[in-house]
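Spelled out from the first residue to the last, the chains are:
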Amino acid sequence: MTRMDAFRNRVGGLAYGGDYNPEQWDPSVWREDVRLMREAGVNTVSLGVFAWASLEPEPGKFEFGWLDEVMDLLHDNGIHVNLATPTAAPPVWLTHLHPEVFPIMADGQPFGFGNRLHYDPSSPIYRDYAAKITTKLAERYSFHPALAMWHISNEYGPTAHNEASSVNFRRWLRRKYGDLDTLNEAWTTRFWGQIYTDWDQIEVPNIPRTWMNPSRRLDFKRFTSDALLECYIAERDIVRSFRDDIPVMTNFMRFYRNADYWKWAPEEDAVALDIYPNPADADSHVSAAFNYDLFRSLKGGRPWMLMEQAASAVSQWKLNIVKEPGRMRLGSLQALSRAADSVMFFQWRASRGGQERFHSAMLPHSGPDSRTFREIIDLGREMKLLAPVAGTTSRSEIAVLFDWDGWWGLEETFGIPRSDFSYTDTVMRHYTPLWERHYPVDVVPAGSSLDGYKVLVVPNAYLIDDAGAERIIEFARDGGTVIMSFFSGVVDDRNRVRPDGYPGAFRRLIGAKIDEYWPARPHEVFAVEFADGRRATSTWWRDDLHLETGTALATYADGLLEGRAAVVENRFGAGRVVYLATLLEQSAFDSVVLDAVAAAGVRPLLQDVPSHVECSVRGDAAHEYLFLLNHSGELNASVPLEAEGTDLLTGTTVSGTVELAPLGAAVIQRPRA
Amino acid sequence: MTRMDAFRNRVGGLAYGGDYNPEQWDPSVWREDVRLMREAGVNTVSLGVFAWASLEPEPGKFEFGWLDEVMDLLHDNGIHVNLATPTAAPPVWLTHLHPEVFPIMADGQPFGFGNRLHYDPSSPIYRDYAAKITTKLAERYSFHPALAMWHISNEYGPTAHNEASSVNFRRWLRRKYGDLDTLNEAWTTRFWGQIYTDWDQIEVPNIPRTWMNPSRRLDFKRFTSDALLECYIAERDIVRSFRDDIPVMTNFMRFYRNADYWKWAPEEDAVALDIYPNPADADSHVSAAFNYDLFRSLKGGRPWMLMEQAASAVSQWKLNIVKEPGRMRLGSLQALSRAADSVMFFQWRASRGGQERFHSAMLPHSGPDSRTFREIIDLGREMKLLAPVAGTTSRSEIAVLFDWDGWWGLEETFGIPRSDFSYTDTVMRHYTPLWERHYPVDVVPAGSSLDGYKVLVVPNAYLIDDAGAERIIEFARDGGTVIMSFFSGVVDDRNRVRPDGYPGAFRRLIGAKIDEYWPARPHEVFAVEFADGRRATSTWWRDDLHLETGTALATYADGLLEGRAAVVENRFGAGRVVYLATLLEQSAFDSVVLDAVAAAGVRPLLQDVPSHVECSVRGDAAHEYLFLLNHSGELNASVPLEAEGTDLLTGTTVSGTVELAPLGAAVIQRPRA
Amino acid sequence: MTRMDAFRNRVGGLAYGGDYNPEQWDPSVWREDVRLMREAGVNTVSLGVFAWASLEPEPGKFEFGWLDEVMDLLHDNGIHVNLATPTAAPPVWLTHLHPEVFPIMADGQPFGFGNRLHYDPSSPIYRDYAAKITTKLAERYSFHPALAMWHISNEYGPTAHNEASSVNFRRWLRRKYGDLDTLNEAWTTRFWGQIYTDWDQIEVPNIPRTWMNPSRRLDFKRFTSDALLECYIAERDIVRSFRDDIPVMTNFMRFYRNADYWKWAPEEDAVALDIYPNPADADSHVSAAFNYDLFRSLKGGRPWMLMEQAASAVSQWKLNIVKEPGRMRLGSLQALSRAADSVMFFQWRASRGGQERFHSAMLPHSGPDSRTFREIIDLGREMKLLAPVAGTTSRSEIAVLFDWDGWWGLEETFGIPRSDFSYTDTVMRHYTPLWERHYPVDVVPAGSSLDGYKVLVVPNAYLIDDAGAERIIEFARDGGTVIMSFFSGVVDDRNRVRPDGYPGAFRRLIGAKIDEYWPARPHEVFAVEFADGRRATSTWWRDDLHLETGTALATYADGLLEGRAAVVENRFGAGRVVYLATLLEQSAFDSVVLDAVAAAGVRPLLQDVPSHVECSVRGDAAHEYLFLLNHSGELNASVPLEAEGTDLLTGTTVSGTVELAPLGAAVIQRPRA
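Chains as they are written, first to last, in our numbering: chain A, 246 to 918; chain B, 246 to 918; chain C, 246 to 918.
Isolated chain A, as found in the complex (with noise of 0.2 angstroms):
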């Protein structure tokens, strides 16, 4: 039995609550709190996150005796702890006393005192006060009742500039490449004159002026991911030390492009996920589906918890838009329907005052006669009816490769043909469609194990390493197919372009030379048009590409490349690949993407099911669990299902055609066939 696999059994399948921040309050109000807490139903809070200054109030000088209690009450009450080391807020004291703790921000100056995440992740100063109340809370509290899970720190993520950032950068690169000449090949410092002769000479990229080194930003980004994982694994071994039951994660946030969550899931018990999607984006669904694909998939499969979401609005944005009634309900089923096991919220009561007072709470401002208290309360009932999917998960036979490196590369390197590829952007485009018709999608980075796959989605991988690109290689000659599009495979680790013509790594696998890489012109259009005379129209890029072994699904139809390919189709191995060398109008887009699965004999979940309907499925050994969920706050939906079963929600038998109400949700019960 993992140590999840006990959290699971304690809390009684999933966990409902929410940071909970007692030392804002009064005494007085923690005994309501409790009371409204099993109101609601929560089984769990994460205690103590920003508890720094008041449990140690001066250097060396720590105050329990309020923890203490609230620990107590709460287990009193049948009330879980994700008990936190509070070292993304350090008090005031430390950084007066040691102002070279703050990290120097991109513009040269420090980042001051009164935020949180006030500190440079390479600081022996921070991470020696940060292992000392750390030691001082594992001691106190390893073995008290009350504790499920250890929460370590908070959204990890500060960039910092500071003289000790060079020094553990230095560290880094010696570890990473051993000797200078490694390094000065790896950067391509003859270009420019950059060389160095001494590892004093490297500092971290201090300002971020136009046009930095490539490779040295990329390691930047590599760098302060792996800075910042130091200090979480620093943490994790101290409370580790003590007691070896209790699982322990930190939060992760949502397409957060300052740490490479794949480097950090295996350090972990469970990852867990903070998320606030944005109501007045209608989209936001989506993404937040793929996040939560992505989070399932970043320990192979396992089940993840939702850690904060809003109840209603938030306050950190120009424009912070409610969640309509129905709407944090549907949010939360989502998150269990792709293989969350639990439900938490930032936080449970709202803040009089401080940055965030305006952040909705699951005990809003307006007290408990209010709608978001009653929707609390709802949604807690409902987590014990859903009891029966913790510890279920899912597996597809598709998936989308997400890599941080190739992120960065795209995002953070400069120098490209266009500068505003947006990572996230197109990873969405090519999860779309997939999404939209219903197919399980798993995310995979760079390198992994492909097996079980059927189908690949590999969105402008421009930078992949060379055991990322054989992996594709292989998995196609084994008989999978791929779908590429263009700008991948361009350059290798060290951000240098892979040599004998674009592109490097995949030019044999995608059957075609590209000669030159043409951005388009801001409103330009291509036209396209297929093997079967169906016509489109592409804009944004084309690759001026020259077929091998490859042949064309589609050509353009006028312009200067009038009669070269758009689409290639390349049988390699026993597998295939289609590569998309221009960026297609959606339908189109969506077509050869869809194509290309259904060649590949993948099905989806359902058929004939309209896209604002989300379709997902979890299920163990026994039972799977269909979750039907209609995103659309006008629209009735009609699904018809292939088999019947239980719905979790209403205990009701279900069979024939499911209907669901604006935002409404079926969570359907059926044995394993």
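Certain hints may be false.
One copy or any two copies: either way a pair holds, since identical chains are not told apart in the list.
List of simulated lysine to aspartate or glutamate pairs, EDC-like, C-alpha gap at most 16 angstroms [as the list claims (entries may be wrong)]:
#1 Lys629 x Glu277
#2 Lys377 x Asp482
#3 Lys699 x Asp840
#4 Lys563 x Asp665
#5 Lys421 x Asp710
#6 Lys381 x Asp313
#7 Lys306 x Asp443
#8 Lys699 x Glu889
#9 Lys377 x Asp443
#10 Lys699 x Glu627
#11 Lys381 x Asp445
#12 Lys563 x Glu656
#13 Lys377 x Glu303
#14 Lys563 x Glu657
#15 Lys421 x Asp723
#16 Lys629 x Asp528
#17 Lys421 x Asp738
#18 Lys377 x Asp352
#19 Lys377 x Asp696
Everything labelled a hint here was simulated from the structure, so no lab data went into it. Please read these numbers as outputs of a predicted model, since none were measured by experiment.
With chain A fixed as given, assemble chains B and C onto it according to the hints.
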């Protein structure tokens, strides 16, 4: 007789003139200046505003010879002097010796030399040098016969982030809060663990990183205003210590967010305004009118000084449009109509070089034979004709709340449901229908007496202290009409959300509880239906509001809040409250405001006068002066009069209907009824 | 024989090649490089531009072995070397030892390591190291047989705000002004009390806060150009001290605001241009033409060097469009048509890594079997055919004023009636109708001799010194035609408004006094009527102008200036002045310019040739070479010839009409009539 009464007697009614900077010119020019001043009817000049470097060329070495000569020359020609302390422009030797005097800007960089206002107002070094030059000036000129007024420094404004600012900020906070517990509570520092344990840990917000503690930010705004005010008071007390019967003032600015003029005004003999309405902005005369009303109100209705305006174009904007012929005269009359007792300009003679070489002047680059100088002469003649209005004022039955705390709360403290509130825009939105219909309006701060008013207008008063809220509640209870718009009464004076449901301060006043604030998506439009069946639209904001004692004047006719109140009426004590819970389209908004005013029994100055004609009255026990100002450059206007009078500009008797040409004006003197 | 004549003889006419950076490649690549260079017809390379770190890997330790080998290899293959001093790229050890060498940028932060041009040109440390490496290079290679030219540093440009800059700025100011009184007068420091009393008080403008003293700012621009020029001269003098018969130059940039190339050109044997016309910009070839005319004019009509261009796309922009097939060749011929004596590229071989890894090269990533390299070979062949044009030039009857002081005055000194003047846009607006109608144009600085010209075009010459103004006045008095546009002659060379009414320098010349400048509101359009009844519109600007000796060619037909002159004609001495007091719509503007040119008796090169065909002539006493260049990628063109000749590109005789395919070209050699 007040000091200002004496000043008025001395200048024979209205002051006319401008900033005079003889130190920019050779003495040979001075005599021509004075000759042309006399030709133009100039009777007052502001002298020496930036002359520090000319008066104290080296530390402690003073040169007053040139100023003696100028003072004598002016006096000999009957021109009165508003003598400036030159402390807005510290000499280069001062900042060269003491670079720490430069204000550190929000980006962490010092302001540097070469502009004005390059000082940290908290700097003891700056204050010391400023006191010395002020003392020297006062010693020498307090009894010079030309001296008619003291002009302390200029356009107080710098925000500084220096170490000296932090020292002064801490002193200010100690005075305000007494102890750290109170400060920590006020700032809600328990949120995000920002608890201060030593005063020395507190610094001015050094860099406006996103998401600063909103209470700290608010106090920093208050502190900055107060630190500047300390500078003013120090210099004022010096000049007053030499002679007590000369009025003292400094010049304020239009809609200036950095200084709380309600706190400043009591420290001055008269408030003085620098205003540069942008001729490119079609509504600039309406916001000018509001500022004039504000300035009249700042000292409880006493006449104020128009201290700086431009004769034609300015030079500080990206596009500097000239004032078309007649526009400068009309704007000058507008200031007089709202109780200005002076018309003055920056500056007398256009500079040849320097930053403002293209700022227009009374005497422009093109010399006396120019459109501008001819208009200056004409206006000088009219100023004499208008001498009877000097010293008179007005009082209205409508008050509009305008409050710096409320302004800062709404615009400077982040983290509210939407960040694009403009306090001045919302104030102007409420003021404009009243201006267009010729209602006189006074302006009041939070917490002031409301005796004598029938209507109080409260635009988006997000932040208001307990006393301010209580005064409004009393006003309604005692029979007043309150027109209030959404997002009012939300937080206390420490920027903490008031407890017990929105809007904490005014829930009983408006007779409704707001469950949640629903800012609208961009382009979202709502249908609203009034009780009488009229329909309108609204945008931008909705309260999710639940009526308690209030009733709906209008409800939403569509959307998720369909049927919920959009405009609330609440009978409260002997009074009436009209609360706007959404942003109505302009015409509907205006109707709600004007209907409420009419229902309160307030009548406009004139009826059936088109909105491009501005009507205002000032007067005393014996006479009233009705100003009619046609702001249209194209349309004529006929204004029906209720009683005959004498047009001071023409000396003719007018009755029946007054005809105004485009940009035309009349000032009709009538005996008090 | 000049040094450049010798160079031309040596390369056999035109130079062809590019930047060669062998230090980026293993020696094994060098032999392939040279083989392909020979295949492409390359005869010249720029060598070692960024090789400092490779030549001096440690302070004072030099490694020339690799360069010896490359120099020998090139020489053995008949390729001439333009050897660079590598001082644009200081090695990391230099800035690590001396971080004060980094230029402090306008934001107060040092530039940091990792790009190029990371030096303060005023730094004595930088200058000292630069002198040492230059001396070493000159010692070793001055008599190497491959050496054909010295390429001093690269693209001089950095603006620095260091302490060393301030020291040098003060030295520069002392030389210029002699004493502080003169400086204070020049800078109008009596405005705002900025009077300097000690030289040490003067610093470079440390931060470009809004509203800097405009004269100080202007001098800082001049100083920056001069400080860079000092660097150039120092290195030039070193190499010349070793050997006097080798030409020396540095490479300039297109429309580069930071260096006054009129001051630089006399210090060079030839001016050299780096130019990257943006293929995404439909008019980039017209601004290229102007720059080519400027470069020919910089040294009084002597042929110049095209030193860098791209073979296809660049990589520094947000969107980097490729040059379509044929576009690179056409652009190369265009440079030759306007008296370039070389076609060179950055760079020979595309880099694998570094910032410019996607900058196209003569030898692209796709290798010799590529569109680009085939075009390079073809052009190499044509360069040989065009050898006869080498050394020839042209002279025209029209001069356009283009002046760095005027540029800085208009764009860098703030506080003028509108801030959106673009000096290059206005110059191009005046140049374009002449270019479209095939008029040759020379470019002149303020104050230069105007002998031999019939027409002088003066675009928005806001700032001009007395001598420059006087030269224009003399030119008109002596019979020339001056076409001048508004806001000219306003300030003197110290940025002070000239006295006695606008436009101070040219009031008598244009025969009108301007009372006031009236910039237009956005979207404001004025009707203008010409004397012959034609109507047009104008926007953006109007002078409020009063005719004195001038007469109206066109008047406003509406608005407040109705009936006032919009275009003025003034007979002045033996000449004629046409003054545009407003911004006419394009066709009317062009007519005014072209009518004035025609009236001055100037004829175009060819008539009845469409504007997409560019026509230019260069020649010598014996021959003229008519270049016909079809810039359209879609249209054919027929060009009627006046006399027969030989097309050097085809070797055939042409007469009657020349047919040009899209992007087609002809270079017709004809004997001088």
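A quick look at each hint next to the structure:
no., hint, verdict
1, Lys629 x Glu277, "neither (22 angstroms within a copy, 73 angstroms between copies)"
2, Lys377 x Asp482, "within (13 angstroms within a copy, 55 angstroms between copies)"
3, Lys699 x Asp840, "within (13 angstroms within a copy, 70 angstroms between copies)"
4, Lys563 x Asp665, "between (23 angstroms within a copy, 7 angstroms between copies)"
5, Lys421 x Asp710, "within (15 angstroms within a copy, 59 angstroms between copies)"
6, Lys381 x Asp313, "within (13 angstroms within a copy, 66 angstroms between copies)"
7, Lys306 x Asp443, "between (43 angstroms within a copy, 15 angstroms between copies)"
8, Lys699 x Glu889, "neither (29 angstroms within a copy, 70 angstroms between copies)"
9, Lys377 x Asp443, "neither (35 angstroms within a copy, 22 angstroms between copies)"
10, Lys699 x Glu627, "neither (36 angstroms within a copy, 54 angstroms between copies)"
11, Lys381 x Asp445, "neither (37 angstroms within a copy, 27 angstroms between copies)"
12, Lys563 x Glu656, "between (24 angstroms within a copy, 12 angstroms between copies)"
13, Lys377 x Glu303, "within (13 angstroms within a copy, 44 angstroms between copies)"
14, Lys563 x Glu657, "between (25 angstroms within a copy, 13 angstroms between copies)"
15, Lys421 x Asp723, "neither (33 angstroms within a copy, 75 angstroms between copies)"
16, Lys629 x Asp528, "neither (29 angstroms within a copy, 60 angstroms between copies)"
17, Lys421 x Asp738, "within (13 angstroms within a copy, 55 angstroms between copies)"
18, Lys377 x Asp352, "neither (31 angstroms within a copy, 34 angstroms between copies)"
19, Lys377 x Asp696, "neither (44 angstroms within a copy, 62 angstroms between copies)"
This entry does not satisfy hints 1, 8, 9, 10, 11, 15, 16, 18 and 19, going by the numbered hints stated previously.
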